[in-house]
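Based on the provided sequences and hints, a complete structural model is requested.
Chains as they are written, first to last, in the working numbering: chain A, 1 to 382; chain B, 1 to 334; chain C, 1 to 289.
No wet-lab data here; the hints were simulated from the structure. Check each hint, because a few of them may be wrong.
Stated by the list, open to error - Quick look at which bits of chain B chain C covers, simulated, 3 or more residues with Cβ under 8 Å: (1) 108-119; (2) 243-252; (3) 313-323.
None of the values given here were measured: they were computed from a predicted structure. Ideal placement from N, C-alpha and C gives every residue a C-beta, glycine not left out.
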Amino acid sequence: MKHLFLALTAALTIFTTLPAQGAAPVKIGFINSITGKEAQIGENLTNGATMAIDDLKARNIDVEMIREDDGGDPKNALAAYEKLVTRDRVIGVVGPYTSACANVVASRADQYQVPLLVPAAAKEEITMKGYRNVFRLNAPADVYSNVLLKSIAPFRPGTIAYIYAANDFGVSTVKTAQVNASTMGLKEVANEKYQQGQPDYRATLAKVKAAQPDLVFLVSYDADAILLMRQAKEIGLTPKAFLGAGAGYTTAQFAQLQDISSMVISATQWTDDVNWPGAADFGVRYRARFGKDPSYHAACAYEAVRIMALSALKARDSKVLRSALTAGSWNGIMGPVRFASYGGYTNQNNHPMLVQQLQAGRYETVYPAQFSKKKLIYPYRR
Amino acid sequence: MTKQWTGIATFAALAASVPFFLGDNPYIADILITMLMMAALASAWNIVGGYAGQFSFGHAAYFGAGAYTTSILLTASSIALPLCIGAGILAASLIALLTGAIVFRLRGHYFALASIAVAEIVRLTAHNLEITGGAQGLLITDITFGNLDLNSKEPFYFAMLFLLVTTLAISLLVRHSRAGYFLLAIREDQDAAASLGINLYLWKNMALVISAALASVAGSIYAVYIRFIDTSAVLSLRLSIEIILTTIIGGVGTLWGPVLGAALLVSLAEALRSNLAGELLVNSGIITEASPIESFLKNNLAHAHVLVYGIITVLCILNLPKGILGLFRRKQRT
Amino acid sequence: MLFFQSLISGILTGGIYALAAMGMSLVFGVMNISNFAHGDLMMLGMYMAYYLFTLLNIDPFLSLVLIMPAAFVFGYAIEKTMINRVIGHPSENQILLTVGLGLIMGNTALLAFTSDPKILTTSYSSSSFNLPGDISVSIPMLLSFLVTCLLTAVLYLFLSTTRTGMALRATSQNREAAQLMGIDVSRMSAIAFGIGTLLAASAGALIAQTYYIDPFAGHTFLLKSFTICVLGGLGSVIGAGVGGIVIGVVEAMSAAYLSSEWKDVVVFVLFLAILLLRPRGLFGRKGEQ
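Put into structure tokens, the structure is as follows:
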């Protein structure tokens, strides 16, 4: 018993005897999945956020950013937010990455009155609950399927098959895709939800092939996308178009494997060939610094941290910061940003998503027309 | 035994007074709630794992059963919270009985693997069904219970504390009852216990159902506290393993081992996760803010905290096989 | 067509499962330890194959010659320094030790290689040929399957004809009796763990060619390997071989005729059914232990 209390006291002291450092520069928080199963994408966000802070430093703008890892666990995300807000006294928080974590933290933001800027989580409901202190930069899940199907609608495809990961993003995206597809008059001929990380999808793909769809709509993270497309080629699954939602179809690695990736159409929040200010330059500097292509997550995190840092610097107080975010507008690598209320959303940036197609090993923006230099090629041929 | 009842009472009184000293400090309250929860889960596991020696590797299933039942009932109906928690207990007990029917025919590694398989079936089922929110999880909003402020930490602190104290009391009762001696006999030698006329099946199932019911209450409180659940948060193998690890590091088969384990592991995990460990080094003057060690810690500890956790696990298992309480007590398994 | 396509894919994938499970089964038989770090050992094999290919341009099939001895030494060393200290301890301590070792390996890899998935692309990665009836067979998968068969045969010969192999089998059957017969059981444990690691790493290197590589990529195969070991009989190497192919085919058939999302449930239900109906598995000798 005695030892137990000693240990408990010791444990408690670690957390209580560490007062946060005195008032130095303005502090913001950044919650991200640095470890855990979302760490792959989390790393892109970390890189983007780091670049944003360093870019500001280079302009002699000093904002302290405190990083917190949530490991993809909503409980940790909540602990991180409460630590940032009550112990570190940050005045605004960027993050978390995953929808599950963002959902939990968003539900507490009004309680603590410290603005939360969600950079890349897709679940619609995060900004649909009317929270005054929750802002989102990226377009939510329904926009992915919406732009993809809109871009292909002029070609009048007849049937569609879905192959998607059994995760939050996969399920949400396909649900909205089904609604959009039925208004377009597309007939659903196959619906295959798969558990991630399987080595072999050939049986699933053979089943889809037998249904002979015009469109195959895929939602997958990084590596699954390559596996699926590689095996689709082996099996001889050749629809008129592959539509890819999700990070897996927008990576440089995927683009390099031209024999399986050519002509795949995908939706993305960002590319470096759009005419948004600094987008191309960001791509160049990111490649130079991290030795790989930036994903849209990196761009989202960069812009979210930049907006939060600049606004926080002026506001110096959470309540002022909230008004600044609600009223402000920005124009950076993610294009024009404004947090507005529309269609059931509150403080949601109505971000125009882009549709790109892999042509000759390069991602070319093909939709919407005002951002694109190339035309969408349909039907698919190799 | 009287000494141990006094111990539980002292612990309850001291822990109940903590919020009054703490004041408004939601971050520390959150860590304490997690500690109490892990302590309750580990103590509940200890009833079947420690006293009866049946090492279930699937306790997340019972935690998740409570969390899901409560969340589904709360979002879909106007059933009062205590009834939802009761339904969670029922669901977890049913899963426990079903699990028991399958896994208690097996021993050793087979038992461990079978308990994982059952828990994985529960997880995948929740992941694939519509009613559980599937992969999207369940978000609970606008819950009320009497006039409690469910945005504050106190209700959850006291709920978890109440659960922990109840679990400790039940552990002590079980341990010193006829059932407790049967369980110990089963742990030491199943065949000998059977030859003495002890109904292995009955007593093992009893221990598992009690353990599962308590774990489900923790799950229900967790769901109302966090207000969002999905399969990776409440049904994962990682959670099952954390529960066992907590017990083993504290001291398996002892009353206070699970509590000690939870206090240490939860604070360690949080100190590493949030880089308070690095800050502690700076504040205590061991290293300076500008030193390369601190900048390394700042940039990499978040990456490395699970690694450190792994190293500590290995060191503990190799050097303290009987847990930390084993250091202090020669005869801990009496 | 769907049936035969699923059958062929299932058998080829099952071959890799089998190789991974054989190592686990051998370790289980000789040491009576459930190795939860097995998936992480596979991951090490994947990275070795990847870097040997990208940095030194060694074909992944050839690199097995380098990976196998390295993995053996690594496994032998882990056993000598850590695992042997928990032999005879309660099984949950053993399991947690291997869980801890797995955490260390996976997160060290995370620091060293980052979490970016790596794709090992050889000139024949996406190549395939068609059997009559439009059934596609992946060439790297087929080659991997043949290598697996070869390794299984070598392992079988080693266990049944060499002195060390026979000593391993004796230890596996009855550790105490083997010790009384003058077999150095502690050395046998280290050798078994070395071979187990070698097989895990080989399975990793083979699957790396058609799969992806990240610090936790081996975890997919961990629970599958356990299922396969139980199906084949814990400790039976041949059982693991057959079990792997059975599980591969069951998965493919469930995906084709039931649904992709439920196929893992089918595998676990099958696993429990075997535990209840035939706890010693298809080829096991001991019953419940």
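In terms of beta carbon proximity below 8 Å, does the segment 243-252 of chain B have 3 or more residues touching chain C? holds (count 4)
Count the residues of the segment 108-119 of chain B whose CB lies closer than 8 Å to any CB of chain C, then report whether that count reaches three. Three-residue rule met by the segment 108-119 of chain B, so holds; n is 9.
Given as covered by chain C, does the segment 313-323 of chain B meet the bar of three residues or more with CB within less than 8 Å? Held - the segment 313-323 of chain B has 5 residues with a Cβ nearer than 8 Å to chain C, which meets the minimum of three.
The earlier numbered hints are all upheld by this structure, with none contradicted.
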